[in-house]
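For reference, the chains in residue letters:
2 protein chains.
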Amino acid sequence: MLERDFIEIPDLHFNIEILVSAPPVIASRLRFDCTPKGKFLGLEVNGRKVSFAENVFYEFRDKKIRQVWSVIDKPAIEAQLHGSDRK
Amino acid sequence: MLERDFIEIPDLHFNIEILVSAPPVIASRLRFDCTPKGKFLGLEVNGRKVSFAENVFYEFRDKKIRQVWSVIDKPAIEAQLHGSDRK
Numbered sequence: 428m429l430e431r432d433f434i435e436i437p438d439l440h441f442n443i444e445i446l447v448s449a450p451p452v453i454a455s456r457l458r459f460d461c462t463p464k465g466k467f468l469g470l471e472v473n474g475r476k477v478s479f480a481e482n483v484f485y486e487f488r489d490k491k492i493r494q495v496w497s498v499i500d501k502p503a504i505e506a507q508l509h510g511s512d513r514k
Numbered sequence: 428m429l430e431r432d433f434i435e436i437p438d439l440h441f442n443i444e445i446l447v448s449a450p451p452v453i454a455s456r457l458r459f460d461c462t463p464k465g466k467f468l469g470l471e472v473n474g475r476k477v478s479f480a481e482n483v484f485y486e487f488r489d490k491k492i493r494q495v496w497s498v499i500d501k502p503a504i505e506a507q508l509h510g511s512d513r514k
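Line by line, the protein sequences are chains A and B.
Take 428 as the starting number for the first sequence in this note's numbering and just add one per residue.
Take 428 as the starting number for the second sequence in this note's numbering and just add one per residue.
No wet-lab data here; the hints were simulated from the structure.
The structure presented is a predicted model; accordingly, all values stated were derived computationally and were not measured.
Keep in mind that a hint or two might mislead.
Copies of the same chain look alike in the list, so a pair counts if it fits in one copy or across any two.
DSBU-like, lysine-lysine: derived pairs with alpha carbons at most 30 angstroms apart [as the list claims (entries may be wrong)]:
no. : residue 1 : residue 2
1   : K466      : K490
2   : K464      : K490
3   : K490      : K476
4   : K464      : K501
5   : K501      : K476
6   : K466      : K501
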């Protein structure tokens with residue numbers, strides 16, 4: 428999953444805005460400023476720079492991520508794409 | 428904010444799927460099964476039943492919520508509305 432993310436988004440970085448740890452669960456609010464090459468979440472981003480948040484829970488077991496519950500702020504990306512369409 | 432939510436969504440309940448507490452921050456994954464009366468998040472829900480998750484961080488100070496960072500799974504709602512349109 429992550430490998431494909433880095434192929435599709437060459438400048439992918441995970442910026443941690445909030446981190447809450449209560450083992451076995453870690454919750455984080457991540458901020459992304461990146462330029463997906465093609466489609467992202469079904470949206471035609473095509474190399475435009477987008478900024479968005481992801482609120483995510485990771486459940487760990489045996490030092491590995493076992494389950495992920497993620498919500499990405501896709502409407503924020505849509506708003507940015509529509510904004511740049513109008514320019 | 429909450430009062431308006433309950434007016435617009437009479438059957439609103441907050442079902443906690445995940446709760447992570449690390450004061451002053453609480454993180455939660457909430458699940459909603461509800462029927463917003465009219466528009467919700469800009470979508471024409473109009474009394475249809477929708478189910479969606481919200482991943483949210485609350486920062487507390489003096490026993491009150493001081494800041495909220497929320498991401499709602501709006502695409503899940505859109506998918507349900509499009510599904511019911513096709514019926």
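For each hint, the structure was consulted:
For the identical chains of this complex, K466 and K490 are neighbours neither inside a copy (32 angstroms) nor across copies (43 angstroms), given an alpha-carbon limit of 30 angstroms. Taking the closest pair of Cα atoms, K464 and K490 never come within 30 angstroms of each other, the shortest separation being 32 angstroms inside a single copy and 45 angstroms across copies. In this assembly of identical chains, K490 and K476 lie within 30 angstroms of each other by CA distance neither inside one copy nor across copies; the values are 34 angstroms within and 39 angstroms between. Proximity of K464 to K501 under the C-alpha cut-off of 30 angstroms is found in both arrangements, the shortest distances being 16 angstroms within a copy and 24 angstroms between copies.
In this assembly of identical chains, K501 and K476 lie within 30 angstroms of each other by CA distance both inside one copy and across copies; the values are 14 angstroms within and 22 angstroms between. Taking the shortest alpha-carbon separations for K466 and K501, both the intra-copy value of 13 angstroms and the inter-copy value of 19 angstroms come in at or below 30 angstroms.
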